[in-house]
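Protein chains: 2
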Amino acid sequence: MKEKIQALINEKKFSEIREEFRNLNNVEISDLLNQFDKSELIIIFRLLSKDQSADVFSYLEPEQQEIIINAVTDRETEVLFRNLYFDDMIDIIEEMPSNLVKKILKNTNSEDRYLINQFLNYPENSAGSIMTTEYVDLKKNMKVSQAIKEIRDTVEEKENIYTCYVISEDRKLEGVVSLKELITSDDDVTIESIMNRNFVSAHANDDQEVVADIIKKYDLIILPVVDIENRLLGIITIDDIIDVIEQEDTEDFHRMAGISPVEETYLKTSAFTMARQRIMWLVVLMISATFTGRIIKSYEDVLQSVVVLASFIPMLMDTGGNAGAQSSTTVIRALSLGDVEIKDIFKILKKEFLTSFIVAVVLAAINYLRLITLTKTSLDVALVVSGTLILVVIISKVIGAFLPIVAKTFKMDPAIMAGPLITTILDALTLSIYFKFATIFLSGMIK
Amino acid sequence: MKEKIQALINEKKFSEIREEFRNLNNVEISDLLNQFDKSELIIIFRLLSKDQSADVFSYLEPEQQEIIINAVTDRETEVLFRNLYFDDMIDIIEEMPSNLVKKILKNTNSEDRYLINQFLNYPENSAGSIMTTEYVDLKKNMKVSQAIKEIRDTVEEKENIYTCYVISEDRKLEGVVSLKELITSDDDVTIESIMNRNFVSAHANDDQEVVADIIKKYDLIILPVVDIENRLLGIITIDDIIDVIEQEDTEDFHRMAGISPVEETYLKTSAFTMARQRIMWLVVLMISATFTGRIIKSYEDVLQSVVVLASFIPMLMDTGGNAGAQSSTTVIRALSLGDVEIKDIFKILKKEFLTSFIVAVVLAAINYLRLITLTKTSLDVALVVSGTLILVVIISKVIGAFLPIVAKTFKMDPAIMAGPLITTILDALTLSIYFKFATIFLSGMIK
Numbered sequence: 001m002k003e004k005i006q007a008l009i010n011e012k013k014f015s016e017i018r019e020e021f022r023n024l025n026n027v028e029i030s031d032l033l034n035q036f037d038k039s040e041l042i043i044i045f046r047l048l049s050k051d052q053s054a055d056v057f058s059y060l061e062p063e064q065q066e067i068i069i070n071a072v073t074d075r076e077t078e079v080l081f082r083n084l085y086f087d088d089m090i091d092i093i094e095e096m097p098s099n100l101v102k103k104i105l106k107n108t109n110s111e112d113r114y115l116i117n118q119f120l121n122y123p124e125n126s127a128g129s130i131m132t133t134e135y136v137d138l139k140k141n142m143k144v145s146q147a148i149k150e151i152r153d154t155v156e157e158k159e160n161i162y163t164c165y166v167i168s169e170d171r172k173l174e175g176v177v178s179l180k181e182l183i184t185s186d187d188d189v190t191i192e193s194i195m196n197r198n199f200v201s202a203h204a205n206d207d208q209e210v211v212a213d214i215i216k217k218y219d220l221i222i223l224p225v226v227d228i229e230n231r232l233l234g235i236i237t238i239d240d241i242i243d244v245i246e247q248e249d250t251e252d253f254h255r256m257a258g259i260s261p262v263e264e265t266y267l268k269t270s271a272f273t274m275a276r277q278r279i280m281w282l283v284v285l286m287i288s289a290t291f292t293g294r295i296i297k298s299y300e301d302v303l304q305s306v307v308v309l310a311s312f313i314p315m316l317m318d319t320g321g322n323a324g325a326q327s328s329t330t331v332i333r334a335l336s337l338g339d340v341e342i343k344d345i346f347k348i349l350k351k352e353f354l355t356s357f358i359v360a361v362v363l364a365a366i367n368y369l370r371l372i373t374l375t376k377t378s379l380d381v382a383l384v385v386s387g388t389l390i391l392v393v394i395i396s397k398v399i400g401a402f403l404p405i406v407a408k409t410f411k412m413d414p415a416i417m418a419g420p421l422i423t424t425i426l427d428a429l430t431l432s433i434y435f436k437f438a439t440i441f442l443s444g445m446i447k
Numbered sequence: 001m002k003e004k005i006q007a008l009i010n011e012k013k014f015s016e017i018r019e020e021f022r023n024l025n026n027v028e029i030s031d032l033l034n035q036f037d038k039s040e041l042i043i044i045f046r047l048l049s050k051d052q053s054a055d056v057f058s059y060l061e062p063e064q065q066e067i068i069i070n071a072v073t074d075r076e077t078e079v080l081f082r083n084l085y086f087d088d089m090i091d092i093i094e095e096m097p098s099n100l101v102k103k104i105l106k107n108t109n110s111e112d113r114y115l116i117n118q119f120l121n122y123p124e125n126s127a128g129s130i131m132t133t134e135y136v137d138l139k140k141n142m143k144v145s146q147a148i149k150e151i152r153d154t155v156e157e158k159e160n161i162y163t164c165y166v167i168s169e170d171r172k173l174e175g176v177v178s179l180k181e182l183i184t185s186d187d188d189v190t191i192e193s194i195m196n197r198n199f200v201s202a203h204a205n206d207d208q209e210v211v212a213d214i215i216k217k218y219d220l221i222i223l224p225v226v227d228i229e230n231r232l233l234g235i236i237t238i239d240d241i242i243d244v245i246e247q248e249d250t251e252d253f254h255r256m257a258g259i260s261p262v263e264e265t266y267l268k269t270s271a272f273t274m275a276r277q278r279i280m281w282l283v284v285l286m287i288s289a290t291f292t293g294r295i296i297k298s299y300e301d302v303l304q305s306v307v308v309l310a311s312f313i314p315m316l317m318d319t320g321g322n323a324g325a326q327s328s329t330t331v332i333r334a335l336s337l338g339d340v341e342i343k344d345i346f347k348i349l350k351k352e353f354l355t356s357f358i359v360a361v362v363l364a365a366i367n368y369l370r371l372i373t374l375t376k377t378s379l380d381v382a383l384v385v386s387g388t389l390i391l392v393v394i395i396s397k398v399i400g401a402f403l404p405i406v407a408k409t410f411k412m413d414p415a416i417m418a419g420p421l422i423t424t425i426l427d428a429l430t431l432s433i434y435f436k437f438a439t440i441f442l443s444g445m446i447k
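Chains as they are written, first to last, in our numbering: chain A, 1 to 447; chain B, 1 to 447.
Fair warning: there could be bad hints in the mix.
To give an idea of the interface, some chain A residues facing chain B are shown, with a C-beta separation under 7 Å as derived from the structure [what the hints assert, rightly or not]:
(1) I245
(2) Q247
(3) T329
(4) G387
Taking lysine-lysine and the DSSO-like style, the derived pairs with C-alpha atoms no more than 27 Å apart in a straight line are [said to hold, decoys possible]:
(5) B:K411 x B:K347
(6) A:K376 x A:K216
(7) B:K268 x B:K103
(8) A:K217 x B:K216
(9) A:K268 x B:K350
(10) A:K350 x B:K268
(11) A:K216 x B:K411
(12) B:K297 x A:K297
(13) A:K216 x B:K139
(14) A:K158 x B:K149
(15) B:K268 x A:K411
(16) A:K2 x B:K38
(17) B:K180 x B:K158
(18) A:K217 x A:K411
(19) A:K102 x A:K139
(20) B:K350 x A:K180
(21) A:K436 x A:K297
(22) A:K139 x B:K143
(23) B:K38 x B:K2
(24) B:K158 x A:K217
(25) A:K149 x B:K347
(26) B:K139 x A:K149
(27) A:K180 x B:K106
(28) B:K297 x A:K38
(29) A:K217 x B:K50
(30) A:K4 x B:K217
(31) A:K376 x B:K103
Chain A regions said to be covered by chain B (calculated; three or more residues, Cβ under 8 Å) [what the hints assert, rightly or not]:
(32) 229-242
(33) 336-346
(34) 359-373
Simulated from the structure, these hints should not be mistaken for lab results.
Note that beta-carbon positions come from the ideal geometry of N, C-alpha and C, so glycine has one too.
In isolation and in its complexed conformation, chain A is listed as follows:
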């Protein structure tokens, strides 16, 4: 497709390009535009109709958007931004370098400019920062026929007309009515008599995670956002919530692997930025791992006498780390999905203890049998290793489940308690238990 369009550009057959576009939807057109840059991009973009260009523009990559804003006239900028939905406009402005933001603001009317500035001031990741203002508002004394007329007349500028909000003179939110209810009600019934008063709403300063939880719990497509005096400020639509959920999950995945939050997608992040995001935790964990080294060093005499003990260190450390990671991951995910809460702590610890007990006994039995049958390990050493395994698996699973809940209690993200951090803590515990057992049960072998 790209080659075809490229050829048509070279031959200046612009009307044929328009013809090709007739068979594509706007997402597909923007996919295509993303493969061009500079002058060709501008040529193709100008072939789009005014209506279409705003929608296609909203799907373009930030780089392509910058190239276009840089190239077009003030007048074209004004038309383009007038046709964008408000939340797309905010998203785009947030990505632009400051000189282009100036160009955009210069070419929007004063009302929009005021709103944009206000939106850019909401805290990052708050309900206010992701809402849009293009909702339908009705008055409760309107008749259904009036309401439908109102919707028909203003539909062009609304992102969503399927849920309408009933507000008072001072913009307080009084009720919600769906277009479904409107079109199935009689023409001269009042809005007041059909509106739903038991609606849910979010506050502008609520975190986007709270918003996502409400939308999921109540199976909503749209959620109204109000200020502390219950005045309607905007709406959040479910498609933006999908982005929120993916963003929060990505943050959890990264945090659980000891990576600082990433803003850009993988291919757009430079190696230098990636190194910076990863190095902090690696340094912390490397230094804390040396404490584990100190434990080994303090048992140098035991190791020198029974040097075979060293060969079980990796297995014990890994099994403890893996067992702990399983519990912490399960609990972190359950907390984030709302399946468990802080108050369930005793239920969780009991369940983890039971689970770990079963797992520990099975693992230790397999390990013991393997050591005495398949290797030449002495019975004493096999017993020390398997005994350590039982204690390590139980402790790892209980601590792995406990720490994320502690983090949550202190209003920290439970995800930081995952993998790397827990592994480091458990390594030290594992080795202490191991060498303590060795000193007690292998005293005869230690010189």
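Chain A is fixed; fit chain B onto it per the hints.
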């Protein structure tokens, strides 16, 4: 609230309970009902109006749903299921024990029964298994006024009326038209002239992940599902896609921690089931970790001579494991979000190599300086440890990024290549490099 309702039940003040419910929405009522069981649950449930009871029922926990189906008459079952949306009905039936499924099927009409059986036969996690059949279908020669009348007349049984599907005589999908377009078009325009022919659709056998990707890419609220001959079978709404995304992410989180897929929520899974889900990988990893032990054993003489080398094993193993986990997590998540694809493999490896080079040099420098200033480690040993660190971090990051892409190439889930598995592979590599370096550079110290 629970106490209040309990008191009202005891005093048999049922009309006052109805009064209380007037201020609650259906999700809140079902939250309340979930706190009751057996006889009280049935009493309250029967206080709900017919319209309300189906909606409230769909939000209840499976346990509460079972109690109700067990208790109500055949007639009540029939009314209840007639008022449920089709996809909710399928979800509920899938959770029920077989005796209750029989009771439900006995009390649905033959048409519904046929559909239910068909739906239960779609592969798990396919588009067919999550779709619903309550869509609006129009014919292209209808006038707008006829279409709106059709919608008004059938609205009660439709889950979503905001996107309508235009189908031919033999049910082939020809176009899509939104209610927004309908209510803003003139009454006597034909559907054919306003319908959109460039729509996207999914096949019934497509995986739900594919469906989620399409809905996200095209910012849709609803997606039509067709068979191989393009006949319309059903629709999938965006709120079901949120469940899909969360379910897939949960599966990735668990798989990355070496836990087999979990069906139930945390608190509902028994300790025995949890142990079974976790033990398989722990056994595999425990046994493979013993190969690492064998590497240590084969260098017993080196260790016996320079026993201090043992104290750096945890730090080297942990740092390698953490560095690898960072890369594998980043790449796995980027693959799952569609930010990178298999064909980007060389870009990814180049980026990981550059990143790891920066990280490795910084880590090794910090480690070397720390060892020679803060500890009594000899310069030679510090050099061997730091040199190992450089090589280990680079190899870990490159392998960590490489393996998930390999998994994807072989159509496996990249998530299985995360944490535990990579750690085990990297442990063996780390120790081999470490002792190889030690034998070469510390030959003077080895007896």
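Return the numbers of the hints above that this structure violates; sort them in rising order. When the structure is compared with the hints, numbers 2, 4, 6, 11, 13, 16, 19, 20, 22, 25, 27, 28 and 31 turn out to be violated.
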